[in-house]
Structure formats: structure tokens, C-alpha cells
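There are 2 protein chains.
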Amino acid sequence: MDYVVRGEVLMRAAALEKELAQGIVKPFKEVIRASIGDCHAMGQQPITFLRQVLGLITYQPLFNDPTIPEDAKERARTILADCVGNSVGSYTDSSGIEIIRRHIAQYIQKRDGGIPSDPSNIIMSAGATGAIKSLMSLFRCTIDGKLPGVMIPIPQYPMYSATIAELEMAQICYHLDEERRWGLDIPGLERSVNEAKASCVPRILVVINPGNPTGQVLSRENIESIIKFAYKENLVIFADEVYQYNVHEEGSVFHSFKKVMMEMGAPYNRMELCSFMSCSKGYMGECGIRGGYVEVVNMCSDVKAMLLKSISALVCPSTIGQACMDVLVNPPKPGEPSYEQFIREKNAVLASLKERAALVADTFNSFEGFSCNPVQGAMYAFPRIHLPEKAIQAARKAGQEPDVFYVYQLLEQTGICVVPGSGFGQKAGTFHIRSTILPQPEKLKEMLGVLRSYHEKFLLQYQ
Amino acid sequence: MDYVVRGEVLMRAAALEKELAQGIVKPFKEVIRASIGDCHAMGQQPITFLRQVLGLITYQPLFNDPTIPEDAKERARTILADCVGNSVGSYTDSSGIEIIRRHIAQYIQKRDGGIPSDPSNIIMSAGATGAIKSLMSLFRCTIDGKLPGVMIPIPQYPMYSATIAELEMAQICYHLDEERRWGLDIPGLERSVNEAKASCVPRILVVINPGNPTGQVLSRENIESIIKFAYKENLVIFADEVYQYNVHEEGSVFHSFKKVMMEMGAPYNRMELCSFMSCSKGYMGECGIRGGYVEVVNMCSDVKAMLLKSISALVCPSTIGQACMDVLVNPPKPGEPSYEQFIREKNAVLASLKERAALVADTFNSFEGFSCNPVQGAMYAFPRIHLPEKAIQAARKAGQEPDVFYVYQLLEQTGICVVPGSGFGQKAGTFHIRSTILPQPEKLKEMLGVLRSYHEKFLLQYQ
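Protein chains in written order, with UniProt numbering: chain A, 1 to 463; chain B, 1 to 463.
Pulled out of the complex, with its shape left as it was, chain A reads as follows (with noise of 0.2 angstroms):
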């Protein structure tokens, strides 16, 4: 069960930020994290509306500021209305706070064009991290003496190998198409999930869309293909949608598995689906708030009567973090005292990320040797490095996957810290990185410099 987004690498560039804080001389001066989707550690500002609210309803003193807008202090009313005694300080519904479970209903359902979304649906949970594990736990028992099986992307999150391992369940590796954009190749589905029935029993479709680590945004044919593949091969999909807000690349457009599964009509709005959400990235990028929820559709009562009461050994999910996903699912509206300034913010935060995403693989591509897919949606460049013969040698020597090599002494060198693809799993093969883009634009403007120079000194010593 290894975690490479918070493995030996994280830990070592961990090591250095102490180094330097002591004193110790390095060739850098900071060490920049491009390896997590954490924006607020890359200086991303929080939303103000937001904030106000989360103060409103921990420190109720607050509600006396005039400084404070009257929407705010409605939201932030309208949540303790619903936490028991009034304050967030009170357990609440395993499943959360009823209000708020309404409020994500409806805006599942305008996001879905009017699709219904019914409250009893949404579970509320710490991050999308929390429902996936609750979720995926269902699944766990074995069948006829085989395991269940949870087909997962390669590359992936590797969030999902380690709850997989954790529940002693068999992971099913299908690929993504680099070739395609990191589009799910259905033909490859279906070679993976026929391979692994000799030996497990297929229960679960994973798909992460836009993509993590790809950045890939899934089209509507995409994911209708998806839908049928699964259908046909009675698995539940788990879409774990936590970066719908993230879609930069012209052209390029979230559709929900849901909306795409209704529209389909019969047999296939019938499908057990899990859609996972999240305040962590997005606009928003609260990650340390933890909120999040899953949207359940067409599950059977027996398995959300033992959802519902596997949850509640957890108790309940904390109350600011689900006030965090309150505000995400209704912000502030047209002529509402925040409105201008909660739009001008968050059009800020998606419009540089979509230029750091341009900038991103762009400057990627001009590196010899790299190629890198659009980054079409998410938080981060996935790109394939062609490594010199020599330097994949001085890795095995070393010990290392030639990836990791590559890492290790971009880190060590430059203070740069990315993740070795090897983290995510990739073709036999093949190398690539994976980078956040969410240094600030000067910041990541001087770290694609640096990393340049890296790698062309990199490729003359192997070359």
C-alpha cells in the first residue's frame, strides 16, 4: 500500500524545507512543491465570501461586523439554523446537515440541466477522500470465493490503489490512451476486465474525470461508451468528479456521468453510480477544510441502508468543512451584496490556472525529449520524458525506477519537487513526471526555467 503523493519523495523534499530553515547551504533557495494538488501551500488567496462565512459560524461575535455582507451572514445563519443548540460545535446527521444535503442536490441538479437530484442521495464526507473509502468498502465481500475487483486508471490517483489494498480487494489496471489524450480506450476496458475475471469479480469501474494525474477532459462520446462498457458488464461507476470546476483547454467541457447516464434513456439511467465531489480543488482549493460528498444514484436500498450505518461508526463529518461545500453549492447570486467580488475571485483563480495550464505543457513540449498532452482540465501536466539509454542504466544501478532517478536529483539539484510517474503506473517503458500547475505565474514561470536547465544538463551527462 504505497502513497507516492505522500512517499520517499515528498518526505525528502520535507527534509530539505528543514535543512534550509537550519541554515544549510543548498544549491536553492526554496524548495517548490509541484508535487501536490494543495493550492492554498502555493499561494492561491482563499475566497473572501467564503471565509466570512466559515468566521460567521465558528466565532458568532462576528455577525456584529458591519463589515461583514448581509449574504454571508444569511448563509452563515441559515447553516446554524440547522446545526443543533446553533452551533457547529454539534454533531450532526451522519450523512450531514439536512439543509446542506438539499442545497448540493440542487445545484447537482442545475448543473445537470434540471436532471432531478434528491437529498437522501448525498452523503457528506471529509474531502471526496472519506466517501470514496466508505463507498468502496461496500463492495469489499468476496463473491463465490473470489475477491471483487475495482477497475482503476493507469496512470491513477494513487489514492485508489491504496484503499483498494486496504480492503484487500483486486485492483483491474485499464490504460489510458496517451496516444488519445488520455482518453479511456475502450477496447483496452474490455481486454482488462476479461483478463481479470479468471481471477476476481469485476464490481467496480473507476473513472476520474477531468483526469488525475492526465488532465484529460472526457467528451461526451467518451463517456457514453464508458457508460455501455459498464452496463454490459454490471459494474458500478464510481466518477470521481472532483475537479469539475478545473476545465481550461478551449473547446474542452465537463459532462457529469450522471446527466450523460440520464440522457442516455434505458436501460442505462437504471446504472448504480457514485459521483464524488470536493472542496479541496476546483475554485475553492480548501483541501485542509476537508469537505466533500458523493451523490449516489439507483442504489439498491440493501446497500444504502449499509452505507448509511457504516457511516455512522464515523459519526459525522466535520461541520465547517461541510459548511465549506454549503458555500461551493450556493455562492453568492446576481445582485447579492457579494456577488461582484465572489466572481471576480473565483474568475481569477480558473482564469490563471487556465493560462498556468497553457503555459505549462507548452514549455514541456519545447523541452527535448518531452511530450506532454493539453491539460485539458484538472491541476496538473503529466509528461512523458524520453530518458537516454545511459541514464535509465544509472538508474538500475542506482537501484531506482528511471523516473524516480530523474525526480530525486531534480530535487536534489533544483529543489523542485514533482512526482515520478512510476507513483501512478504508466506503460511499461515509459517515463514521465507529474507536475502541479499551480505554483503562482511568476513562481512557475522561473520553476520551467529551472526545471529546463535541469534537464538539458541532465540529458548531456547521459547522452
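Hints are computed from structural coordinates only; laboratory data are not their basis.
In this text the structure is predicted, and so the values were computed from the model without any measurement.
Treat each hint with caution, since some may be false.
Heads up, simulated SDA-like pairs for lysine to any residue below, C-alpha to C-alpha not over 25 angstroms straight-line [as the list claims (entries may be wrong)]:
1. A/427 to A/370
2. A/29 to B/78
3. A/309 to B/113
The hints should help you fit chain B onto chain A, whose structure is shown.
Same frame as chain A, now just chain B:
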């Protein structure tokens, strides 16, 4: 996997509340939730200093508010300085923010009269619950084909049985001794463990001190005997010490398992121990904030490495929950501007709980057929109720446990919600209820009066 404190009685209580809100006439005006240790839900006010700190870290413009004292600002600054990007919106280490873990270690060390505590042994979590689940899952591997066993008290807090069931471990029940104020009876422990060995490998001994639902505070002698027993049986002790501030009875003192174990010297001071703490109880009662930690003592390095890996897949506990724990372990000191108000508020909460603890136990003991041990600590009374034979027959006829029957009728007739003893486990043929001591004093007196009338009517009806 049943979780009675969030189970059917509670769902019925919630339904009744909704009916009342819709104007449906009931024999009562409100539902009184004496069923759950949820302080703020029952009117307890938050500690001002704590909420100032939480307000500051979420909404930083509050630093400009001259009404917020400097020590609160200093605490908030210290926390923010250890948050990457100076924001609670960034991820933290999986085990928590380093400065907070250092403060926790200092708190433990001071509490335990100078016995060292190492910050690297502190793992922060979402309430104590999160840590208990993470720690227990480390021991879930079968041994020589046998399930690992977890010894839990009967009566117990049902999160334990639910977690054991979820992890597919074996539950080993040992009975607390109601005749000896719910103390642990060592011959009883020995009988339980010896019987269990036929079918599982005992690994963990859970002790809740102060007790939930039983309210006992273990004597030092009792703790020493328990430690010797655990040593002999090679068990890891899980000390659930979340009520360490809630000691009410004159002469009762909280002794941490760690302190006792260390003071016993070799070989006991090398035993593996996990001690759990939370901000949900004590004098803060901040349940919804979801803060907690575990201190792992003498844990073998392989297991600890596994633990750190496994929590990394949960990313990190909420920053706000972590900050709440920071204030708990690092409150205002004498001489600081907030000290007097803080101590006043803290003492008022604890003194009032102490009064209510005595009131509830004394009142229950004045009811015909009730016998209640003193509520030495924690937040619950767990009286035994001697139900008339006719009531038992009526319950069986209705297909209910007699205590469930009693509790349901109480709820339907009076709006008072308590939890039946069968949800916690009780000796066959005995019946109990668990009532919190948390309703505010006037409300509590009113509730006890209504309960008395109900009980008298119940006895009349079935005698």
C-alpha cells in the same frame, strides 16, 4: 454492525421532532435528546477563547479586531505559521501539524508528571473515532488462520463493536462489575480471554476510562491489575481516555494508563499502548469540529510505519479540528489576557456537569426499581431498571427487548430520548438505560420529573 446511539430510537426521535415542527400535536412540546454526548446540542456554550482562535485562523481579517485579545491572536499566528502558505486551506502532514503535535506532547508530559511524551508518537485524527479505527485496523490480520480478537467491556460504547465487525475481527466481551461501581474484574477478564482463545487470537484490550456508558473512574489499583493482565496476555492496550477532564465524584482521580504503566517500571513500561483523546468531550464539547489524537507508546517500528502509511491515504485530518486540539492542550496561561475568562468558563462547565452528575444519579436512585452507580466521570448515567415481569412479557409480545420497549414508550409519551442498555450490552436478565447528564440544569430537573411520572405510571400499568 449496529450503532445504537445513532440507531432506530434516535431515528424515531428525529421523526418526532419533524412532526412537532409540522404542528402535529403530541403529548409533549419538544424532544429532549438525553441520548447522545452532544454538549452544544443541549445548550452548552462554546469556550470564547477557543472560538476566537478558530475565527482568526479561518477569517484572517479578524486579526485587526481590537476586541480579540492578544493571546488568542498569538495562538492563531503560531498555528498559521505552521500551515503551508499560512492558510488552514492547505493540507497538513497526515499525522497533523507539527507544532500542534509538539503542544500535545507537552500537555501529556505535564499531565503525567513529567513522564516524557514524543511528538512523533502523536497522530492527529477526526475525533478519537478516526484514530481508533486506524489503529484497530493495523491489527486485523489473521494469525495462523485465526481471527485477531479485541477485548471490549460490556457495557461498551458501540463504536467499538461496529468497528470490530467492519474490520472482521473477533469481539471478546468482558463484563464490567456493576456491583463494584463498574470496575474491571480481573478474574472476569481472565475467563473471557481464556474462552476466546479457542476461536481467536486476543490482540487488543479496550478500556474506556472514565467509562462510557457506565461513568466509572478506574482506581489506580484497578489500572495496575489491568496492565498486569494485559502484559501476561501480550495484549496492546487501547485506552479510550476522551473523558479525562470529566471526573465528578469527590475522591475520584483520573490516572492515565501511560502514567501508571510507566510508573510500574519494567517490564510493564515497555508495553504497547494507544491512548485516545478528543475535543468532543471534556469542557469544550466541540463534537462537530472533529478533533482528536492518539498517542502511540512503545509501538514497534514496523507497525508504526504501517500506521503512517495507512493514514496517509486519508490525506490529513481537518485543520480546524487540529487547531481545536491545540487550544485544548495549550489554553491561556496565568497572566495572559484571556486567562481569567477562560478559567471561569471552563470551571463553570465542569462544575455544572459535576452537579448534574450527582443530581441524575441521586434522582434515579430515588425511583422505585432503579439502581444507579455514582456518575464518577464522563457524561452518562447507566441505571439498572428492575422491570416488572408483566412489562417483560408485554415487551416480548411486541417483539422488543424489554429495555427497548421501555425506552420507546418513554419517547412516544414524553419526548425524552434515552438509549436502551441492550445497545451497549448488559448481563442477561438485567435492563438498563443510558441517559446523558447534558441537558442544562433546569431542563434536566424538568426531564427527571417527567421521567419519574412516566416510570411510576409504567410500574402501575405492569404491576
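TODO: Provide an ascending list of the numbers of those earlier hints which the structure does not satisfy.
DONE: 3
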